[in-house]
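Spelled out, the chains give:
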Amino acid sequence: MFAATMQFDLGEDVNAMREMVHRWAQDRVRPMAEEIDRKNLFPPELWQEMGELGLLGVTVPEEYGGAGMSYLAHVIAVEEIARASASVSLSYGAHSNLCVNQIKLNGTDEQRAKYLPRLISGEHVGALAMSEAGAGSDVVSMKLRAEKRNDRFILNGTKYWITNGCDADTLVVYAKTDPEAGSKGITAFLIEKEMVGFSTSEHFDKLGMRGSNTAELIFEDVEVPFENILGEEGKGVRVLMSGLDYERVVLAGIGTGIMAACLDEIMPYMVERKQFGQSIGNFQLMQGKIADMYTAMNSARAYVYEVAKACDRGDVTRQDAAACCLYASEQAMVQAHQAVQAMGGAGFLSDSPVARIFRDAKLMEIGAGTSEIRRMLVGREMMGAMR
Amino acid sequence: MKVLVPVKRVIDYNVKVRVKADGSGVDLANVKMSMNPFDEIAVEEAIRLKEEGVASEVVAVSIGVKQAQETLRTALAMGADRAILIVAADDVHTDIEPLAVAKLLAAVVKEEEPGLVLAGKQAIDNDMNATGQMLSALLGWSQATFASEVTIEGDHALVTREVDGGLQTIKAKMPCIVTVDLRLNEPRYASLPNIMKAKKKPLDEKTPDDYGVDVSPRLSIVKTAEPPTRKAGVKVGSVDELITKLKDEAGVI
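First to last, the protein sequences are chains A and B. Going by our numbering, the first sequence opens with residue 996, and the numbers climb by one from there. Going by our numbering, the second sequence opens with residue 7, and the numbers climb by one from there.
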């Protein structure tokens, strides 16, 4: 554990929350991280525990069982969980932001009352599905078809790379209701696991983020009533894109958490590992390495926390949501790489924590939008401001 | 029955404590502070007594700097009903001595009239292990220290104490002071909704003057030093070599 770091001015509530999440994650999740990775399985009991701690509805008002707190608070929760296990944090983020927060933002009162309480208590698991095997960065080219038939929609097709896909009870799913209308023909639906014709694959075997269960969703004539439309028919892209800005900011916390985990793992090693008769941390090349890691971590935190505060004020821009996520994610990969380097042969062993962190960090440049797409967004927004 | 729980703000147990360069004390600049872990166990026990219907109200009290508010908020988030902060120092380096703390607590007890005081056996900063005992003497109440199990039975408490060589169970007449040890319980994590609710719970601020207690120190710190660094041990190749070394070098056998 490396605790000698700057205290950011996050307010009393968020500080108290960080303290609680930190302790819980270090006591409960960190000791499980190695096994979660090795077995590639999410411990289902964690949903209930997170529910009891009030972590699953951080940004949701109290009337639906939430904590009524800020996006900043949510970032901190994601960060502290990622510091213990990045894959648990990814599943947590998919549930509590992608699914729960999207229902909070776009759901009707009836939908919120129906779905949120059980998602927030941890009784139900949530997911969000936009990607398909043929539609990743080009998400609008999705093929999942939703055909209107009498008083319902009939869904046919598949979704791919869906975090919590095989565990989820409630899923926010985007489908084409009007294939000719391009981005204006997409609608968001609330899908329940029990709906007839809905099934999933087994969860995938992955390089990293193992234990955050990723699966394919299969829709075969799934009947979905109109009341399960999230937002408006044909306005799915608006739901999707607005949610993505918050998603990027909240998931950026996984990046800052990974960087904190890197320091937690290597700092004791800097003291314990002796070469040439002294601790390797006494050597300037190693001090340079840890100084760079510390600087990157707190720079990323400063940007991410500030963009999260902008989310709470209601004036976040796509440019900054994408930019802070780009920075925190790529720095997570860079610093995880350096953490393995700092531990040398010990870090290269498969069961070493830094090896796991290194593999987990790679997802940060791919999942929830690739680095390429994030760069494109930032650059495009910047050029847009010049027109 | 009302339960009073004194809590102290101390350096977090995970922090590596450093002595100030001039030896005048411990460096507290930008150091993480938390509730004394033994006090956390006392808070947890009090809340459990309330949940079992044995206690009716849990009042947390802290004596120290203004920032001890955060420590009290933690107690409130865990489930205490209200809190009292006695601001007795401006400087975070000022530690109020056990006798002054005990006198202040005695004054709070007279005002609040609790049936039980549950306190940590000691604070992990100065390790005095004195406040609970002094409070018992000042009030003339019975005391049960180092508790690893507490059961309230009508007008007395059955307390299992961790003593050298085993466990001792004593019966203490109520009202009493119980100081708690590590193995009494495992404190809960305060949930997020409870952290938010804690902000709305009452936290009264007082000063030592309100209770007429003089908190000026009676001890002066001569010197603070880090423990000597441990010298590296030696590796022995065989049992015979070990026995020889124990005989000839260490002279213990």
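Hints are not guaranteed to be accurate.
Restraint ranges, calculated between C-beta atoms of paired labels, are given here [as the list claims (entries may be wrong)]:
hint : chain 1 : residue 1 : chain 2 : residue 2 : range
1    : B       : I259      : A       : E1029     : 39 to 45 angstroms
2    : A       : M1381     : B       : N20       : 37 to 43 angstroms
3    : B       : S62       : A       : T1365     : 44 to 50 angstroms
4    : A       : F1003     : B       : H162      : 45 to 51 angstroms
5    : A       : M1381     : B       : D97       : 50 to 56 angstroms
Calculated from the model, a selection of chain B residues having no Cβ within reach of chain A, i.e. all distances over 12 angstroms [what the hints assert, rightly or not]:
hint : residue
6    : E76
7    : E103
8    : D161
9    : A178
10   : R189
11   : A256
No lab work stands behind these hints: they were computed from the structure. For clarity, every value in this text was computed on a predicted model and none was experimentally measured. From the three backbone atoms N, C-alpha and C, an ideal C-beta is built for every residue, glycine too.
Quick rundown of the hints versus the structure:
| no. | hint | verdict |
| --- | --- | --- |
| 1 | B:I259 x A:E1029: 39 to 45 angstroms | 43 angstroms, holds |
| 2 | A:M1381 x B:N20: 37 to 43 angstroms | 49 angstroms, violated |
| 3 | B:S62 x A:T1365: 44 to 50 angstroms | 59 angstroms, violated |
| 4 | A:F1003 x B:H162: 45 to 51 angstroms | 50 angstroms, holds |
| 5 | A:M1381 x B:D97: 50 to 56 angstroms | 54 angstroms, holds |
| 6 | E76 | 7 angstroms, violated |
| 7 | E103 | 28 angstroms, holds |
| 8 | D161 | 36 angstroms, holds |
| 9 | A178 | 32 angstroms, holds |
| 10 | R189 | 17 angstroms, holds |
| 11 | A256 | 26 angstroms, holds |
Violated hints, listed in ascending order, are 2, 3, 6; each of the other numbered hints is respected by the structure.
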